[in-house]
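Work the whole structure out from these sequences, hints included.
The chain contents come next:
There are 2 protein chains.
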Amino acid sequence: MTSTPTGPTIGVFDSGFGGLTVLRALLPLVPGARYLYLGDTARLPYGSKSRQTIARYAISSANFLADQGADRIVIACNTATALALDDLRGSLSIPITGVIEPGAQAVANVSSAGHVIVLATEATVQSRAYTRALKALGLKATEKACPLLVPLVEEGWTSHPVTAEVLRIYLSEALAAAPDATTLLLGCTHYPLLTPLIECTLTELGRPLTIIDSAGATAAAVAASIPASPGVTAQPTCKFFATDSIEKFQRLGARFLGQPLDKVELLDLDG
Amino acid sequence: MTSTPTGPTIGVFDSGFGGLTVLRALLPLVPGARYLYLGDTARLPYGSKSRQTIARYAISSANFLADQGADRIVIACNTATALALDDLRGSLSIPITGVIEPGAQAVANVSSAGHVIVLATEATVQSRAYTRALKALGLKATEKACPLLVPLVEEGWTSHPVTAEVLRIYLSEALAAAPDATTLLLGCTHYPLLTPLIECTLTELGRPLTIIDSAGATAAAVAASIPASPGVTAQPTCKFFATDSIEKFQRLGARFLGQPLDKVELLDLDG
Numbered sequence: 001m002t003s004t005p006t007g008p009t010i011g012v013f014d015s016g017f018g019g020l021t022v023l024r025a026l027l028p029l030v031p032g033a034r035y036l037y038l039g040d041t042a043r044l045p046y047g048s049k050s051r052q053t054i055a056r057y058a059i060s061s062a063n064f065l066a067d068q069g070a071d072r073i074v075i076a077c078n079t080a081t082a083l084a085l086d087d088l089r090g091s092l093s094i095p096i097t098g099v100i101e102p103g104a105q106a107v108a109n110v111s112s113a114g115h116v117i118v119l120a121t122e123a124t125v126q127s128r129a130y131t132r133a134l135k136a137l138g139l140k141a142t143e144k145a146c147p148l149l150v151p152l153v154e155e156g157w158t159s160h161p162v163t164a165e166v167l168r169i170y171l172s173e174a175l176a177a178a179p180d181a182t183t184l185l186l187g188c189t190h191y192p193l194l195t196p197l198i199e200c201t202l203t204e205l206g207r208p209l210t211i212i213d214s215a216g217a218t219a220a221a222v223a224a225s226i227p228a229s230p231g232v233t234a235q236p237t238c239k240f241f242a243t244d245s246i247e248k249f250q251r252l253g254a255r256f257l258g259q260p261l262d263k264v265e266l267l268d269l270d271g
Numbered sequence: 001m002t003s004t005p006t007g008p009t010i011g012v013f014d015s016g017f018g019g020l021t022v023l024r025a026l027l028p029l030v031p032g033a034r035y036l037y038l039g040d041t042a043r044l045p046y047g048s049k050s051r052q053t054i055a056r057y058a059i060s061s062a063n064f065l066a067d068q069g070a071d072r073i074v075i076a077c078n079t080a081t082a083l084a085l086d087d088l089r090g091s092l093s094i095p096i097t098g099v100i101e102p103g104a105q106a107v108a109n110v111s112s113a114g115h116v117i118v119l120a121t122e123a124t125v126q127s128r129a130y131t132r133a134l135k136a137l138g139l140k141a142t143e144k145a146c147p148l149l150v151p152l153v154e155e156g157w158t159s160h161p162v163t164a165e166v167l168r169i170y171l172s173e174a175l176a177a178a179p180d181a182t183t184l185l186l187g188c189t190h191y192p193l194l195t196p197l198i199e200c201t202l203t204e205l206g207r208p209l210t211i212i213d214s215a216g217a218t219a220a221a222v223a224a225s226i227p228a229s230p231g232v233t234a235q236p237t238c239k240f241f242a243t244d245s246i247e248k249f250q251r252l253g254a255r256f257l258g259q260p261l262d263k264v265e266l267l268d269l270d271g
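Quick note, the sequences are listed as chains A and B, same order.
Per the numbering used here, the very first residue in the first sequence carries number 1; after that it's consecutive.
Per the numbering used here, the very first residue in the second sequence carries number 1; after that it's consecutive.
Bear in mind the hints are in silico, worked out from the structure with no lab data behind them.
Each hint should be verified, as a subset may be incorrect.
[Unchecked claim] No more than 20 angstroms apart at the CA atoms, straight line, and that leaves these computed lysine to aspartate or glutamate pairs for EDC-like:
id	chain 1	residue 1	chain 2	residue 2
1	A	Lys248	B	Glu122
2	B	Lys248	A	Glu122
3	B	Lys239	B	Asp268
4	A	Lys144	B	Glu155
5	B	Lys144	A	Glu155
This is how it looks when you write it as structure tokens:
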């Protein structure tokens, strides 16, 4: 039978649109859930800000989602996971999943993995969170900050020659620093939109690494933590909150989610 | 004689580093002043946010500078000027100078000006503030949003082939839309760092337009509004406030100011 969701209420937040790639991967895996998505677009990007600032922002986002009835939280943002996961777990009593451990675990599950290149924002790289998570699984990481990739994705240049050139520069530098790497981890939720171009660039550079994306890995980890409801095929419901322009959130967000965003509500977290 | 400043206390604010190009132009023009500079780096960039959000941010920045003793305010940010100048003038009683009117006036002073291309952020372009200001002076404007230029400048790629290619794309589109344009106005305080590359690109495209930058024009307008103090050759003093990482503010800021930034204080405007 088909019904309205009776499963969990999953709160997902990010600094903006990128986390919608996590939600996109979650929808088919946990179809019986009610989803609340918060994009803190008034304060994006998190990737270039300090730990204290990001922790403060993340806590206000997670508290809002819990107040709205979320019974678990997904931090769909690498920077916020890297810099605020411990603070969040200390301030909320519901289950909280970040994107870093699932991403690292997915890499460990690839049998060929040994030395891993991680592409991420400046703040995520500076936190060294991926290096620590991968080291705990016996893997060596070379992290590469790629500050231009988020603006290029938001410009819509996901298959543009300029983006190809920027990727060629970033990937060449990373590959030179890690000549024995066999796996590439996309450590930012914007980057799955660049997967085809990254594959092409790696092939052109003669280094066809296995690509793992932490957005998909996180969705799989969240789904695995939720008991299945056999026989119930409910459609998920999604409600969206943004802290800045609704129009822009709907326009850009549709690219990341792969479908239109209805029901977006403007939210003021600054008080 | 040389003495400590006895002149005005000039409060300058921006979402981040770009406004330092205005301060850099001001220092030699009003050397007898005390300068307070606020970079609202925790909430940057303003360029992709909505009017309501930017007005709220701008008012909190200006109020802080007034509380610190500023007797005049310079909004060294095109986006904040475009979207918040009226709100600011309504909420403070001290003189407030934005960057748009001085930029437009400087263009009008170029005798060859008729049709003007304006390069700016998405939010500034959407506001149509330059089109209105130039129209009031009898000039026609073609505005072009250039969302990748700020991240490229902040990456330090001010003379990089990728930036040259992005400029070629943006400028070609703008020139095609304005075939009779003779003047190019840089409507973002980050862009003066790209002036040499913009000049080269225009020459390559066979369209060597006159370049006016609104940062320099604004500094000249502020200087003209302050009575000269003949015989006094005081050194200016500068105090800086940033709402996010001091280290990053000093590192990137030095590129924009052209000299080291001492005395940077961390500030929390979110309360």
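- prompt: For this structure, which hints from the list above don't hold up?
  reply: none
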